[in-house]
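Novice: Could you slot chains U and G onto chain W? The hints should help.
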Amino acid sequence: MPAILIDNLSFAYPGGEPVLQGVSLAVEQGEMLAIVGPNGGGKTTLLRIILGLLGGYSGRVEVCGLPPREAQRRGLVGYVAQRQSAELAFPISARQAVAMGAWRMLSAWRREPREVHTLAAECLERVGATAFADEPVGRLSGGQLQRVVIARALASRPKILALDEPLTGVDAPGQKQFARLIRTLHRDLGLTILMVSHDLRAVATGVGGGGTGAGCDRVACLRRTLHFHAAPHGITPQVLAEVFQHDLADMFDLPDVHVHAHSAEECRRDGNGAKSEK
Amino acid sequence: MKTFDFLFGDDAAMWWAPVAAGLGIAVQCALLSVLTVLKRLSFVGQGVSHAAFGGVGLAVVLGFGAVDSLEGGQGAVGAAGYLLIVGGFCVTTAMLIAWLSDRRGVSADTAIGILLVAAMALGALLLHLHRLHAPPGVRTPNVEEVLFGSLTVVGWADAAAAWGCAAAVGLVLWGTRRGLLFWAFDESAAEAAGVPTRRVRLVLMTLLALVIVVSMRLAGVVLATALLVLPGAAALRLSHRLARVMMLSVVVSVLGVAMGLVASFEWNLPPGPCIVTVLAGLFLVTMGAGRGGK
Amino acid sequence: MRRSRVPSWRRASAIAAAGVLAAAGACDREAATASGGPGAGHKEAAPDRQSDERLRIVVTVPPLLWAVRELAPDAEIELILKPGASEHGFDLTPSQVQGIARADLVVMVGMQLEPVVDAALRARASAKRRVLRFESVVEAPLSYGAEEHAGHDHDHGHDHGHDHDHDHDHDHDHDHGHEHGELDPHAWLDPTQMKRFIVALDRELAGLGGGGTEAEDSVSDRARALMAECDRIDAVYRERLAKAASRRIVTHHNAWQYLARRYGLEVAAVIQPIESLEPTPADIQSAVDAIRAEGVKAVFIEPQFSSRAAERVAEAAGVQVLTLDPLGDGDWPGLMESNLEQLVKGLTQP
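Residue numbers (the working numbering), protein chains in the order written: chain W, 1 to 278; chain U, 1001 to 1294; chain G, 2001 to 2350.
Okay, chain W solo, but in the shape it has when bound (with noise of 0.2 Å):
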C-alpha cells in the first residue's frame, strides 16, 4: 500500500482559480519525495489536502490507506511548518514545545504521563537536540529551532514527514546539517517524506546519495498539473539549465540526481516559474 496515492486530483479555492488540476502520484512507504515547483503553483495546497486540512476537492486522496483527516486524526503524518509561524516569545522550553507534539496522547485532566516524557526526550535525541533541550524556545538559534519543530513533528510517531519550505532562510552550513539530519532520520526511523519548496536549488542540493545530500529518491515538479514525477533517470543538463538558469556544476555536485522533464518546452515554460526567487 503506497504511504499517499493521489488519483486525480483538482481542486480550486471557493470562487477560485483551479489551483490543482488532474494531480496522480503514488508516494511509496519509506520514500522520500521532493515536489518543487514555482509560488503558486499548489506545492502548499496540495500538503494541506495531505494533511487533512483542506476538503472540497475532486478525485481521490488516500494516506495510508484512510481519508485525509482520519490520518491526521491518528497522527499518521506529522508536519515541520514553516519556522515563522511559532510565537517565540512563550515560555516553554524546546522539551515543552516537543511534548506538545504528543498531545494527542495527552489526557486533558491528568498530568502528563512518564511515557511523554521519554518520548519527547527520545525525539529530542534523534534530532540532537537534546543539548539546549531546556532552554526557552525564544533564546533558540534558527537551526536549533527547526530541529525542535521537526523532533515535535515525530513527537506523535508518524508514517509520514512532510516539510513545508524547510531551508527557507537556512545558510549553507545550515541546510548541509539539515540535509544530513533528515537522511538519519529516514534511515533510522524508516519514514516516509515529503519535502516542498519553491527553490529547487535548495532542494536539489539535498538531492541524491554520496553523504552530502538528503536522498531524495524522487522529485515532482508541480505547476497545478504534475509536469514531472520522476524516478532516477538521466537528466540532460542542458534543459536544467534552460529551465532553472543554474549552472549545474554548481548545483549538482552529486551526478546521480534525476530529474526528468517531459519535453524542452515544458522545462521551459515551468522552469522560469521555478526560479529561485531568493
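One or more of the hints may lead you astray.
Said to hold, decoys possible - Listed next, with one range per pair, are the computed distances between beta-carbon atoms: (1) W:R111 x G:K2345: 57 to 63 Å; (2) G:R2240 x U:G1063: 51 to 57 Å; (3) U:T1110 x W:Q29: 47 to 53 Å.
What the hints assert, rightly or not - Stretch-level coverage of chain U by chain W, calculated; a stretch enters the list once three of its residues show a Cβ under 8 Å from a Cβ in chain W: (4) 1168–1176; (5) 1231–1244.
Because the hints were derived from the structure by calculation, they are not lab data. All C-beta atoms, glycine included, are put in the ideal place defined by N, C-alpha and C.
Specialist: Just chains U and G now, kept in the frame of chain W:
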C-alpha cells in the same frame, strides 16, 4: 493602621466582601492575562469591555438590567440572564473582531475600533429608547454606571460570583490546556496536528468575555482591562517557565489588588485607581529586574 | 495567522473615540417628552390666540403636572422631565426649546432647579408667554446646608473627579453644586406649599382665559377641590407621622427638607455623596457610622438613582431600605401617599 480599623472593626463583614471580590477578580483576570498578552489580545480585551456597553443596553431593554448589584433586585435569575446576554454579546463581538481580521482583510485594530464604537453607539441608543419607553418603576442606568463599578460597594454575593467565575476559568483552562497552549504557541502547527483551533479560540474568547463582564460589573472597565494586561506582562518578564509565569501572574495580580485596597483604606482614596497604580508600579519594577529587553 | 502589534497611537485614538462616544452617550440631550407633546408638529403661533384654540402649557417636572392637568384639562400640555429621570442637571432637546418658545404658559419650579429652561426662556423672549414659578409662592424657603451630610469627612464641593456641568446627562446619580446658601427647590413635597401653588396657577389660567375666575379673592371650583385634596393629604401625614416612634430619616439626596420641616422629621444624614462612581471606604464607613449614631431605622433611596451603595450601607448598619420618590409620574396625590406609606414603615418598624 486604618486598614485594621476597617477589616477588624465593627463592620468587618462589610469590608471583607470587597477584599474577597477584589481577589476573586484578580485571580480570574490573572489566569487569562498571560495568554492575553502572548496572543496580543490586550486590545481585544479593551475593545470587548467597551463593547459590553452595547450588551448591557440589550440586557436592560430585555428586562435584565439589574445593574444595581448582583444580589439586589432580581436575584439569581436576573443575574444569570444579565450574564448570558452581556457575555453572549461580548463573545459575539470578539468573534466578529476575529472574523473581520481573518477573513475580510481588515486589520485587527481597525476591526476593534469599528466594533467598539458601533457597540457603544448601540448601547447608547438602546438605553435612550429604554429611558423613553420603560414601564414605571424601572430605572434606566446611565453610561457611567455601566462602565464603571466600584469595589467599595460590592457585597458577598458579588464576591461569590467573582470566585465562582475564577474557579470556572481555572477549570476550563486546565481542561483545555493541551490544545490551548499548542494553539497559542504555534497556530498553524497546532492546526496541522489536529487541534480544533476554531473551538479553542471560541473557548478562549468566551472565557475572556465572561471575565470582562464580571470584572467590569464589579470593578469597572479600567480596572478590568488593567488586570487583564499588567499581571501577565509583568510575569512574562520574570520567568521563562510557563507554570511559573502563570503563578507569578496570579501573585502580581493579587498583590496589586491587596496593596491597592490597603492604599484605599489608608488614604481615603477610591480603590480602583489605587489598584491600577500599584499594578503599573509593579510592572515598572519588573522592567528593571527580570529578563530585560526581550 | 499572526496579529501585528498594535501601534500605541492607534490604540489611543480608538480609546479616545470610545471616550467621545461615552461622553456623547452621557451627554444625551434627550430629556424626553410626554406622549402627545406638541413640540415636533408645532404650528406657528398666532399672536392673538383664538378663544377656541387650545392653551399650550409646558411643565418642567412631574409633581407640577397634576395641578396643571386638573385645572386645564383641555390644554395641550408638554412635560419636559420624563418620570424616572432626576430633576437635577437635565437638558433640553431642540424640540423642547421650541415648545418653550411657543408656549402660552411655562410652569416651572425656579430656585435654580432648571437653569436650562431659564436659558431657553431668555433666548426666546415672547410677549404673550407667561411663566409661573413655584418659587413665587413658597413660604419660608429653605436652603441647602441646613442638614448634615453623611459620608463626607471633608468639606463641601463634592469633588468626585467626574466634573459635570448642569447641562449634562439629566439622570446622573450625583448631585453637586449645592453650596451653602443655595435654595432648596423641593417645596412641592409640602402640601401647604402645593395649595398656594394651586391658587396661583388658577389665577394664571384665568388670566389666560383657560378657566377659573378672574376675581381676586376667589378660586375656581376645580381649584377648590384640589386644595381640599391637599388638606386631606396634609391631615393624613400629620396623623400618621405623629405616631411614629422615631423622627429621623436618612435620605438619598436633599429633597426632603420641606416635608421634614412640616411634619417634624429630621433628616439625619444624606448618603448621596457615596453614590458617586467610586466612593472611598471612608465615605461608606462614615455613612454607616452616621446611621448608627442617629439611630435611624431606615435608609430611603430614590428610584431615580442607583441603590447599590445605599443597600450596602443599610445592610451593614442593619436597617431597612425603603423608597422615597421626590418626583413621581405626574400623579402628585398618589406620590404623596406612597411616600407616606414608606415613611411610616421606616419610622415605626422596630
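Novice: Could you run down the list of hints and mark each one as holding or not?
Specialist: To see whether the hints hold, each was checked on the structure:
A C-beta distance of roughly 60 Å is found between R111 (chain W) and K2345 (chain G), which places it inside the suggested range of 57 to 63 Å. Roughly 35 Å separates the CB atoms of R2240 (chain G) and G1063 (chain U), a value that falls outside the hinted 51 to 57 Å. One distance hint, 47 to 53 Å for the beta-carbon pair T1110 (chain U) and Q29 (chain W), holds here, with the actual separation near 49 Å. Counting residues of the stretch 1168–1176 of chain U whose C-beta sits closer than 8 Å to any C-beta of chain W gives 3, which meets the bar of three, so the coverage hint holds.
Proximity of the stretch 1231–1244 of chain U to chain W, defined as three or more residues with a beta carbon under 8 Å from a beta carbon of that chain, is established by the 6 residues found.
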